[in-house]
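Protein chains: 4
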Amino acid sequence: MLDAIKAIKAINQSASFNRWAGCEVHQAADGQAELRMNWREEDMGQYAGFLHAGMIAALLDTVSGYAAATQAGRVLASHFSVNCISPAIGRAFVARGRVVKAGRKQVFVAAELYAQPEGKGDEALKLVATGNAILVPVEEIQPKPAAASRA
Amino acid sequence: MLDAIKAIKAINQSASFNRWAGCEVHQAADGQAELRMNWREEDMGQYAGFLHAGMIAALLDTVSGYAAATQAGRVLASHFSVNCISPAIGRAFVARGRVVKAGRKQVFVAAELYAQPEGKGDEALKLVATGNAILVPVEEIQPKPAAASRA
Amino acid sequence: MLDAIKAIKAINQSASFNRWAGCEVHQAADGQAELRMNWREEDMGQYAGFLHAGMIAALLDTVSGYAAATQAGRVLASHFSVNCISPAIGRAFVARGRVVKAGRKQVFVAAELYAQPEGKGDEALKLVATGNAILVPVEEIQPKPAAASRA
Amino acid sequence: MLDAIKAIKAINQSASFNRWAGCEVHQAADGQAELRMNWREEDMGQYAGFLHAGMIAALLDTVSGYAAATQAGRVLASHFSVNCISPAIGRAFVARGRVVKAGRKQVFVAAELYAQPEGKGDEALKLVATGNAILVPVEEIQPKPAAASRA
Chain V
11 MLDAIKAIKA INQSASFNRW AGCEVHQAAD GQAELRMNWR EEDMGQYAGF
61 LHAGMIAALL DTVSGYAAAT QAGRVLASHF SVNCISPAIG RAFVARGRVV
111 KAGRKQVFVA AELYAQPEGK GDEALKLVAT GNAILVPVEE IQPKPAAASR
161 A
Chain R
11 MLDAIKAIKA INQSASFNRW AGCEVHQAAD GQAELRMNWR EEDMGQYAGF
61 LHAGMIAALL DTVSGYAAAT QAGRVLASHF SVNCISPAIG RAFVARGRVV
111 KAGRKQVFVA AELYAQPEGK GDEALKLVAT GNAILVPVEE IQPKPAAASR
161 A
Chain S
11 MLDAIKAIKA INQSASFNRW AGCEVHQAAD GQAELRMNWR EEDMGQYAGF
61 LHAGMIAALL DTVSGYAAAT QAGRVLASHF SVNCISPAIG RAFVARGRVV
111 KAGRKQVFVA AELYAQPEGK GDEALKLVAT GNAILVPVEE IQPKPAAASR
161 A
Chain U
11 MLDAIKAIKA INQSASFNRW AGCEVHQAAD GQAELRMNWR EEDMGQYAGF
61 LHAGMIAALL DTVSGYAAAT QAGRVLASHF SVNCISPAIG RAFVARGRVV
111 KAGRKQVFVA AELYAQPEGK GDEALKLVAT GNAILVPVEE IQPKPAAASR
161 A
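Residue numbers (our numbering), protein chains in the order written: chain V, 11 to 161; chain R, 11 to 161; chain S, 11 to 161; chain U, 11 to 161.
A portion of the hints provided could be inaccurate.
Remember, identical chains collapse to one label, so a pair may be satisfied in a single copy or spanning two.
As the list claims (entries may be wrong) - Listed below are the simulated DSBU-like cross-link pairs for lysine-lysine, each with C-alpha atoms no more than 30 angstroms apart in a straight line:
hint	residue 1	residue 2
1	K130	K111
2	K19	K115
3	K111	K136
FYI, nobody ran anything at the bench for these hints, they're computed from the structure.
Bound conformation, chain V alone:
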C-alpha cells in the first residue's frame, strides 16, 4: 500500500495544524495508521505541563482519519471521544488507529495514544489515552477555501 501512505503523507502536509505540530505519518495501510509527534513544552502544554487535551484529541482524531482514509478515501470527522487515562508526559507521542468497521456512510475507528518517556525507546511506550471516532466519507474533494480564493 505504498500509494496509500504517500497520499496520506500529502494530506498530512496539506493541514497547517499538522505541519505546526510536526505530526509525522509512520504507517497508513489496510485500515491502520500510526502518527508520531515530538513534545514541545513551549506551545503544547496544559496548565500542569502535560500534553494539552486538545493535542491528545488532535493526534487521536488525525490518526483515526488516516486509518479510515486507507479504506474510504477522503473523510471528515463527525464524532470522536477521548479517554485521558494517564498524565500525558513524554518526549514524544505515538498515536495508532485501526478501523473497526468501514461502512458506506460511516467509518468507525478505535485509537490509542502512547507517551515515550525521556531517554527511552518504543519498548517503554506508555498508554496515556484511548479514543473512538466516526468518520464520514466525502464524495468530492473539498477545495481549500483560501487556496481557491488565491486561484
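Position chains R, S and U relative to chain V; hints supplied.
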C-alpha cells in the same frame, strides 16, 4: 465571581498551548464559562482549510474545564466527546460551557462551539460543534514539571 | 404535527421491547420528543435497585430516535452516549430529546432523562441522566424479519 | 479467581433486569468478563425486529461493570457509549469487556457485543456493537432499597 474569572485567566495563561492559540477567557462564573479565539489559517487548519478537529476539541475541553473550575477548583479532563456538526469556518470561534452536574468525584459539563463569520458580529454566530466532558477534581495542585525544574 | 406523533406512536408499538417496557410517546414534533415509562421493581432494576443503565440507555436512545424521526423519517441509531449523573430512582421516568442538527447523512440529538419521585408530579422531576445520539436516516423501510417470515 | 466469578454471578442474580433478560455470566476474572443472553423476539426487539439499542447498551454496560468489578469491587456506571456497527440479529448475543485502566476514582473499560447466527456456534460470532464505559468504585455497598424494606 471576580475572583473565579481572575484565577481562571491566570490558569489560562499558564497553559502554553492556550497562549499559543490565543485563547481568551471572556466569562467564568457560576458553572459557566466562555472562551474566544481568532482563526489563523497558517497553523490551525485541517486538510480542507477548516479549523482542525484538535482545535475544536481543545476549545470545547478547555471551556469545559473552566466551567467546572468555577465550582470544583482544579480539575483534570478524564473523558470528552465532540460532535462536528458543521464545517468549522470563521474568522473567530466562541466556546461556551456549562456544568450539568458537579459531583464530588466527577463534574459533567456540556459545551458548544460557534463560528463567527468574516465581517459579522455575535448575532451571526453559527453552531459548529457540541461537546461533553467529564472532569475530575484534583485535591492538590500539580506543580508544572518544567517550572519546578527551573525553580 | 398530528401525523408525526401518530406515525411515531405506531413505530413505538411495533417495537416489542417498548411494548414490554410500557414506553409511551407523549410528544413528537418539530425535532422534539417526549417519552414516559413507569418504574417496575420486578424487572427493571440493577443490583442496587435503581433503574438499570440499559433501561436508561433505552429511554434516551428511543426518545432520540423519535425526535430525529420527526425531521428525518425512519432512522437507525449509530452511536449514543449516556452520562449517569444521579441514581435513577423514581416511580416513573420522563425522557426528552431534541434535534441539534439534522444533516443528510447523520442526525445529532441531545436528550435528558428525569425521574419522578414517588407521590410527586412533574414539578418535582429530577435530572438523572443525559445522552447524545447520532442517527442515520434509512432510505427504505426495513421489513421486520420475523413478520416477513410469517407472511 | 473462582471467588470473583461467584460474587459477580450473585450480583447478576440480584439485578431484576438481568434476571428478566436471562443474562448469564460466563467469565469474570482479571479485568475481563463475558456475558451471554438468548434473543427473544417477543420483548427484546426494536421496530425492525433487531435487538433493541437499549438491550445492546444493557449488555455492554453490564459486562463492563463486571470486568471492572473483578479489579475494583462494587462500581456504578458513570458514562458509557455505544457504537452500533451492524444490525444486531441473532439467536443469542455474547458481550465481552476488558479493563483498559483501573484508577482509584475511575475504571475505564472497553467492550464488544457479538451476535450468534441461528444454527451456528461461537466460530460464527459477528461483531455488532462496541462500547466504552467509565465506572466509579463505590466505597460502601448500597443496600437494595426494596430488599432493605423487606428486612
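30 angstroms Cα threshold - placement of K115 relative to K19 = The answer is both: 24 angstroms in one copy and 28 angstroms across copies each meet 30 angstroms.
First find the shortest C-alpha distance between K111 and K136 inside one copy, then the shortest across copies, and answer within, between, both or neither for a cut-off of 30 angstroms.
-> both (26 angstroms within a copy, 12 angstroms between copies)
Using 30 angstroms as the alpha carbon limit, work out where K130 and K111 are close: within a copy, between copies, both or neither.
-> between (34 angstroms within a copy, 22 angstroms between copies)
In summary, the structure agrees with every hint in the numbered list given earlier.
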